[in-house]
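Participant: Position one of the first sequence corresponds to residue 25 (my numbering), numbered consecutively onward.
For the record, the hints were derived by calculation from the structure and aren't laboratory data. Wrong hints could be hidden among the right ones.
What the hints assert, rightly or not - Think about it this way: if two alpha-carbon atoms lie no more than 25 Å apart in a straight line, the pair counts; the simulated PhoX-like pairs of lysine-lysine are: (1) K472 x K515; (2) K278 x K94; (3) K172 x K217; (4) K442 x K379; (5) K118 x K217; (6) K119 x K192; (7) K278 x K366; (8) K350 x K379; (9) K217 x K143.
What the hints assert, rightly or not - Now the in silico label distances, taken between C-beta atoms and shown as ranges: (10) R346 x G482: 50 to 60 Å; (11) D169 x R144: 26 to 36 Å; (12) D176 x G201: 26 to 36 Å; (13) R288 x K172: 25 to 35 Å; (14) S155 x G281: 31 to 41 Å; (15) A519 x S357: 51 to 61 Å; (16) D176 x K355: 48 to 58 Å; (17) R89 x E476: 14 to 24 Å; (18) K501 x P78: 46 to 56 Å.
All figures in this text were calculated on a predicted structure; none of them were measured in a lab. Glycine residues also receive a C-beta, built at the ideal position from the N, C-alpha and C atoms.
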Amino acid sequence: MSERKVRVRFAPSPTGPLHIGGVRTALYNYLFAKQNGGELIFRIEDTDSNRFVPGAEEYILESFRWLGIKFDEGVTFGGDCGPYRQSERRDIYKKYVQVLLDNGKAYIAFDTPEELEVKRAEIDNFQYDASTRLSMRNSLALPADEVKALIDAGKQYVVRFKVEPGEKVVVNDLIRGVVTIDSSILDDKVLYKSADELPTYHLANIVDDHLMNISHVIRGEEWLPSAPLHVLLYRAFGWEDTMPQFAHLSLLLKPEGNGKLSKRDGDRLGFPVFPLEWHDPKSGAVSSGFRESDYLPEAVINFLALLGWNPGDDVEMMSMDRLIEKFDLAKCSKAGARFDYKKMIWFNHEYILQKDDREIAEIFMPVVQSHGVEPDMELLTRIVSLMKGRVNFVHELWDACSFYFIAPVEYDEKTVKKRWKDDSAAKMAELAALLDGLDDFSIENQDKAVHEWIEAKGYGMGEIMNAFRLALVGEGKGPQMFDISGLIGKKETLARLNRAITVLG
RNA sequence: GGCGCUUUCGUCUAGUGGCUAGGACACAUGCCUCUCACGCAUGGAACACGGGUUCGAUUCCCGUAGGCGCUACCA
């Protein structure tokens, strides 16, 4: 391979929300580009006007913004190889289709989709190829004047690639090694449709990758069967010397059962398969997204990076910079990877742990506010530092720590039974009096005073603290007691204590 | 059906001819402890099968079986 500048692309079709598998493909492209000081191009492959979904392009762009995958060039990013939307490149494709027609690598076919359907119904495994093309209605079988007449009459046609049979086509894949297929099994693919004056994927893809100086094509495994066709296309254009290197990534599979990961799996098992929430413009259906489900983008990236690739050491927590440094196409696994959403939850937990308390508090603040509470950021940050280790998602923090803001109205029955004894009220009254007498209500001072009191009286640590906890929290959970009383303050602590004494008796 | 890709613990994977087959998630147990968690420690758990090649195969080759993908005027 020559020392060509690394240029890769992510080229989705705007047909709906970006699937998580597509996100991983984009991520690998990004990592590869950045590692090699190259560029990542964002191209929109909208050659099928029937499948266009409004809003999809914006959705995809917003997804990558959230995830921190940055493009260097392409739709909305500019660059010298534009336009980057295939629907805006009609003239370019038209020109190259003509090149193929002129050098006999392609031909015009008039068979309608309906006619082909009939043919397929009649003949088992019918394929439009060297063995059948002469019996079809095309410029190879028909006299030249008739072809011209049909075109002049405005008859719709397609341009098909003329695949020469009996040739071993070799694809050198960066992940899978040498893949060889016999050109005889390939069909004469439609490259261009006169009806909408647009090419199909195969032609547009090759022309664009060539014109945009793409050096490596990193894409999903579903493209592997058509890679030989693409090689043939590069050859037909005489671009074989600058043909990009291919790397076909394994697919993402269902967490359980058979098949590839689908939206249904997410719904069934309770995890998203899209980066952002998606509102389908036609059906109005809403699909959940990782962002709205409270996943941190770092966790999604880290998890996805390790699904089908790993650096070969035991380090799993990796920042984007680290991933860029360590990524290696040759270490990508060849077999499909099941989507282990439990591990992703673990990653989310780890990233909550790793992030600054303040940063988590800022994410948490709107959740708190939605419950009608307006804490100051300092207090919330302290609470977060005490509580964040116990949750997998930021929003779970509310259930874990709402007692800091809202006094218990009820007391958990089981906990009362277990922790509130006949003499608890009396002891809590003593504790209340003791705390009331403290001028210094700091956590350290409370801790000292209460311990001395417990020791002097010969009380059990557990009986005091558990009853105290029940009074302040309403149930048997939470951090160290003085981390609660100290933060809610003396007045609130005494109020909760007194209420428990009254209510529980 | 045809063609291609693929196959190590339940899951993600390390491994590249000789290892007690390593790590992580999940699971179980224990420790910590004023509760619940976190955390920490420990444990169970895998080379799909059959032939070769070799002194020796998880590792190389060939089959079989399973899995996945493609087989459109969709990408």
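Participant: For each hint, tell me whether it holds in the structure or not.
Facilitator: Right, here's what the structure says about each hint:
1. With a C-alpha separation of about 19 Å, the suggested pairing of K472 with K515 holds against the 25 Å cut-off.
2. In summary, the hint linking K278 to K94 is not supported, as the alpha carbons are separated by about 28 Å, beyond the 25 Å threshold.
3. Under the criterion of a C-alpha separation no larger than 25 Å, the hint pairing K172 with K217 is consistent with the structure, at around 17 Å.
4. Between the alpha carbons of K442 and K379 the distance comes to roughly 37 Å, so the proposed pair goes past 25 Å and is violated.
5. Restraint check for K118 and K217: the C-alpha separation of about 10 Å stays at or below 25 Å, so the hint holds.
6. With a C-alpha separation of about 29 Å, the suggested pairing of K119 with K192 is violated against the 25 Å cut-off.
7. Distance hint between K278 and K366 is fulfilled; the C-alpha atoms sit about 13 Å from each other, no more than 25 Å.
8. Restraint check for K350 and K379: satisfied, since their Cα atoms lie roughly 22 Å apart, inside the 25 Å limit.
9. The straight-line distance between the Cα atoms of K217 and K143 is roughly 20 Å, inside the 25 Å bound, and the hint therefore holds.
10. For R346 and G482, the Cβ-Cβ distance of about 55 Å falls inside the hinted range of 50 to 60 Å, so the restraint holds.
11. A C-beta distance of roughly 30 Å is found between D169 and R144, which places it inside the suggested range of 26 to 36 Å.
12. Taking the beta carbon of each, D176 and G201 are about 50 Å apart, not inside 26 to 36 Å as hinted.
13. Here the CB-CB span from R288 to K172 is close to 51 Å, at odds with the stated 25 to 35 Å.
14. Distance hint check: the CB atoms of S155 and G281 are about 39 Å apart, consistent with the given range 31 to 41 Å.
15. For the pair A519 and S357, the supplied restraint of 51 to 61 Å holds, since their beta-carbon distance comes to about 59 Å.
16. For D176 and K355, the Cβ-Cβ distance of about 57 Å falls inside the hinted range of 48 to 58 Å, so the restraint holds.
17. The given range of 14 to 24 Å is broken by R89 and E476, whose C-beta atoms sit roughly 57 Å from each other.
18. At about 48 Å, the CB distance of K501 to P78 agrees with the hint of 46 to 56 Å.
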